[in-house]
Every structure is written in structure tokens, then in C-alpha cells.
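2 protein chains.
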Amino acid sequence: MTPPAPSWLADVEVLAFDIFGTVVDWHGSIRREVERDLPGIDGDAFARAWRAGYKPAMARVMRGEQGWTLIDDLHRGILDEILPRFGLAHLDEAQRAHLNRVWHRLDPWPDAVEGLERLRRRRLVCTLSNGNLGLLARLSHHGALAWDCVLSAEVFRAYKPDPATYLGVARVFDVAPQRVMLVAAHHDDLAAARACGLRTAYIERPLEFGAAQPKDVTAREGNDLHCRNLLALADLMGS
Amino acid sequence: MTPPAPSWLADVEVLAFDIFGTVVDWHGSIRREVERDLPGIDGDAFARAWRAGYKPAMARVMRGEQGWTLIDDLHRGILDEILPRFGLAHLDEAQRAHLNRVWHRLDPWPDAVEGLERLRRRRLVCTLSNGNLGLLARLSHHGALAWDCVLSAEVFRAYKPDPATYLGVARVFDVAPQRVMLVAAHHDDLAAARACGLRTAYIERPLEFGAAQPKDVTAREGNDLHCRNLLALADLMGS
Numbered sequence: 001m002t003p004p005a006p007s008w009l010a011d012v013e014v015l016a017f018d019i020f021g022t023v024v025d026w027h028g029s030i031r032r033e034v035e036r037d038l039p040g041i042d043g044d045a046f047a048r049a050w051r052a053g054y055k056p057a058m059a060r061v062m063r064g065e066q067g068w069t070l071i072d073d074l075h076r077g078i079l080d081e082i083l084p085r086f087g088l089a090h091l092d093e094a095q096r097a098h099l100n101r102v103w104h105r106l107d108p109w110p111d112a113v114e115g116l117e118r119l120r121r122r123r124l125v126c127t128l129s130n131g132n133l134g135l136l137a138r139l140s141h142h143g144a145l146a147w148d149c150v151l152s153a154e155v156f157r158a159y160k161p162d163p164a165t166y167l168g169v170a171r172v173f174d175v176a177p178q179r180v181m182l183v184a185a186h187h188d189d190l191a192a193a194r195a196c197g198l199r200t201a202y203i204e205r206p207l208e209f210g211a212a213q214p215k216d217v218t219a220r221e222g223n224d225l226h227c228r229n230l231l232a233l234a235d236l237m238g239s
Numbered sequence: 240m241t242p243p244a245p246s247w248l249a250d251v252e253v254l255a256f257d258i259f260g261t262v263v264d265w266h267g268s269i270r271r272e273v274e275r276d277l278p279g280i281d282g283d284a285f286a287r288a289w290r291a292g293y294k295p296a297m298a299r300v301m302r303g304e305q306g307w308t309l310i311d312d313l314h315r316g317i318l319d320e321i322l323p324r325f326g327l328a329h330l331d332e333a334q335r336a337h338l339n340r341v342w343h344r345l346d347p348w349p350d351a352v353e354g355l356e357r358l359r360r361r362r363l364v365c366t367l368s369n370g371n372l373g374l375l376a377r378l379s380h381h382g383a384l385a386w387d388c389v390l391s392a393e394v395f396r397a398y399k400p401d402p403a404t405y406l407g408v409a410r411v412f413d414v415a416p417q418r419v420m421l422v423a424a425h426h427d428d429l430a431a432a433r434a435c436g437l438r439t440a441y442i443e444r445p446l447e448f449g450a451a452q453p454k455d456v457t458a459r460e461g462n463d464l465h466c467r468n469l470l471a472l473a474d475l476m477g478s
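First to last, the protein sequences are chains A and B.
Residue numbers for the first sequence, in the numbering used here: 1 to 239.
Residue numbers for the second sequence, in the numbering used here: 240 to 478.
Some clues are possibly wrong.
[To be verified] Computed, partial: chain B to chain A, Cβ under 8 Å:
id	residue
1	Ile317
2	Ala376
3	Val394
4	Phe395
[Said to hold, decoys possible] The list that follows gives simulated cross-link-like pairs (lysine to any residue, SDA-like), each with its CA atoms no further than 25 Å apart:
id	chain 1	residue 1	chain 2	residue 2
5	B	Lys294	A	Lys55
6	A	Lys55	B	Asp413
7	B	Lys294	B	Arg433
8	B	Lys294	B	Asp413
If you are wondering where the hints come from, they were derived from the structure by calculation, not from laboratory data.
We put the CB at the ideal spot given by N, CA and C, even for glycine.
My request is simple: use the sequences and hints to build the entire structure.
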């Protein structure tokens with residue numbers, strides 16, 4: 001049975017969704033494609049190694065050690081770095097470019113399409129992702145995800161957890177920060193949003209890093225909501 | 240019967256849609272709301288007067304006479320100017336703010352939702368509008384329009400027909416300009432896109448300015464396609 005919704009929920013007008021890990025399954029999608037196209041490669045380790053370079057790469061940009069760079073290009077830089085470690089240094093330019101675009105072909109978690117559709121009935125729904133706009137567009141097309149707006153680090157020229165991204169959503173929609181709720185599977189993202197005055201909903205994604213590395217998804221203090229998946233969030237929001 | 244599609248159409252990967260007049264019926268929506276909420280006012284003339292201030296206001300911004308300004312604010316400035324001419328100088332701040340947001344509640348043309356859904360099956364679909372992101376998001380929500388990406392003058396900090404907007408779409412999607420087709424009901428918009436190397440599709444909207452001022456929608460040289468509405472475009476594109 002769904003518990004009664006807290007009364008402040010009625011004031012939330014905009015739901016901003018983190019994408020990688022929250023709405024789409026980057027680990028499973030990359031693992032499946034790598035194991036299908038590159039026989040003998042450990043897709044599980046490959047997916048995790050690629051993702052592990054992500055935060056350090058963004059941090060270099062945000063510290064100003066590197067000019068503004070789209071995630072597509074950061075992903076490509078990390079890919080070129082890890083390929084030799086997996087015995088794949090021989091992949092040519094076309095193969096690397098194709099593999100890099102696996103991030104445009106990530107599959108949604110099984111609950112995501114229906115959950116989003118239900119949530120969109122009663123709230124404005126947008127992305128708030130570090131992924132670039134072209135990536136998010138192709139991902140949304142691939143997964144048949146329907147947004148009211150597609151917002152990205154590319155629009156704000158800043159990566160999460162920079163406040164410019166969270167406050168940027170409130171500015172775009174011309175609402176107070178507490179009328180925006182960030183929906184994410186990552187506590188650091190949610191904490192940064194909360195510091196800007198946004199509401200926060202944690203989504204459990206225990207298999208984000210694969211079945212071999214289950215994630216601790218126990219509830220933590222601070223988040224306004226804690227939901228198993230997007231269907232549970234829709235239940236809670238009466239959508 | 241639908242004529243055979245030209246062979247270059249297969250290379251078009253992205254359809255970028257003008258919004259006001261092409262996808263949504265600004266004139267009819269404003270006329271209906273004004274005549275419902277402000278009895279005695281000529282909604283037809285009011286809608287046209289409001290829209291008539293739109294291009295001059297953007298031109299002032301693009302000439303640098305005014306700093307960067309969102310369409311919501313340009314609409315509000317024009318509204319404040321025309322209200323006295325319609326005997327509505329007495330409207331208070333809340334009434335003006337509400338009326339200004341009619342641009343967030345414009346209804347799609349009858350063919351738009353189904354046309355877009357069909358076109359999205361085979362192509363990436365995005366907005367390319369001078370409307371700001373918040374406006375486009377609420378408009379898309381109101382009309383249940385589903386985009387892969389929502390692009391706006393606000394993203395490029397330039398209004399159409401500035402080349403930065405048309406070329407910006409190609410850049411976001413990382414494709415050559417000729418792989419993008421602008422879909423619009425306005426020849427000047429299409430001509431500017433064509434000058435940037437985009438493909439162009441003209442959509443007939445004879446009633447854009449109301450039944451009292453039918454628009455000449457006869458075909459002109461230059462546009463790659465000429466379609467009655469978005470369903471005809473979907474037919475032509477095999478969607």
C-alpha cells in the first residue's frame with residue numbers, strides 16, 4: 001500500500017531527472033553490446049572502467065584544466081585510455097566512434113518509460129544530465145522517452161554538481177527552487193540539489209554497477225522521498 | 240496518392256520544427272481565450288496586434304539596442320503596449336501575468352500530435368523556436384507533444400533567422416547541415432535555414448492569422464518540400 005503523500009508534494013511543479021543510472025541502465029547496456037560485438041572481452045569490467053573515468057574527466061573541466069568539453073568527447077578520451085587495458089588497442093577510428101556512441105543507445109530501466117509517462121500527466125518532466133544534448137536526444141529516441149524539456153550541462157555550460165545546473169532548471173521554468181524536485185539514484189547529486197533549495201527523490205538502482213557489485217541503496221537522511229523505482233514515485237505522486 | 244519521396248530524403252536525420260504557427264495555432268488559441276475571459280474584446284484583432292510586435296521586438300535585441308531578453312518578456316512588453324488600445328489598461332499585474340502565459344497554452348493544429356508521433360518513428364525530432372525553453376516545455380506539456388530534444392533561441396542566445404540557430408541544430412546533433420530539415424510555415428525562416436545548408440519543408444497554414452486574413456500558401460521556388468500539414472509530411476517521409 002502506498003503511504004499518504006506529504007502535503008508539500010502538491011507544490012512540486014517540475015521533476016528533473018538524472019539520466020545515467022537513474023533512467024537508463026548504462027552498465028547493462030554497455031556490457032551487453034561489448035559482449036556481443038567484442039567476443040572474449042569482460043563487458044562487466046569494461047563498462048565499470050569506462051564509467052570510472054567520468055567524474056575525474058568532468059572535474060578537470062570544472063577546475064579549468066581543460067576547456068568546455070561535451071560528454072561525448074570526454075567519453076571518447078576515456079575510451080581511448082582504457083582500450084589497451086582490455087587488449088583492444090587495435091580498434092580503428094570507425095570502430096571507436098561507433099563504440100563511443102553506445103552511450104546514445106542505452107536502454108531504459110524496465111520501469112522508466114511507464115513511470116515517466118505517468119509522472120508527466122501531472123508534472124512537468126525534464127532531464128537534468130551531464131550528457132550533451134545530442135546524446136540525450138538520441139537516448140530519448142532510442143528508449144521512446146517523452147520529456148517536456150531536455151536540459152543538460154551543455155545548456156548551462158557547467159556540470160553537476162555545480163549549482164548553476166540545479167538553479168538553472170528553476171530559472172528556465174521561472175519557479176522557486178523548492179518547486180523543482182531532482183530525481184536521482186546518486187546521493188551526491190541529490191545533496192548538491194538540496195543545498196540549492198530543490199526537493200529530492202532518491203531512486204534505488206541496486207544493479208547500477210552490475211550484479212557483481214550491488215550498490216547499497218538503504219535510505220539516508222536528507223532526501224525528501226525514497227522510492228524503489230519510477231513507478232513507485234508515480235504512485236506516491238498520485239500520477 | 241503520395242508522390243514518390245525524393246532520394247535525398249533518406250539522408251535527413253533530424254527534423255527541426257518551427258513552433259508558433261507551424262505546430263501550434265497561436266491566433267486561434269489567443270482569440271478563443273481572450274473572447275472567453277474578456278467579453279467584448281475583438282480577440283481576432285487582439286491576437287494579431289500582439290503577434291505584430293514580435294518581430295520588431297526580436298530585431299531590437301538582435302541589433303543590440305536591448306540586452307538578451309526571453310520571448311516571455313518580449314511578449315509581456317508588447318502586451319503592456321497594446322492593452323490601452325483595446326480598452327484594457329485597467330488589467331492588474333496578476334491579470335497581465337496570467338494573460339501573458341496564454342503563449343504557454345497554445346493548442347496544436349489538429350494534425351500536429353499524430354503527425355509528430357509518426358515522424359518521430361523514423362527521424363529525430365526537435366523544436367527550433369524563438370520561444371524560451373520554459374514556454375516550449377509548458378506548450379509541449381499542454382499539447383502532449385513528444386520531442387527528442389527541445390531547442391530554442393535561448394540555447395543559442397540568438398533569434399532566428401540568425402545563422403547561429405540553424406547551424407546550432409546541426410552542431411548539437413553532430414551532423415552536416417544538409418542532414419537537418421527545418422519544417423516551418425514561414426518562407427523567411429526557411430530561406431535563412433536554406434542559406435545555412437539545411438533542407439526545408441514548407442507547411443501550409445492558411446488560417447495562421449485567422450479566417451478573416453487568409454494567408455497565401457501557394458508553393459514557392461526554393462523549398463525542398465511543400466506539404467499541406469504534418470500528416471502529409473509524414474506520408475511523404477514514409478513514417
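Those earlier numbered hints the structure runs against, lowest number first: 1, 4, 5, 8
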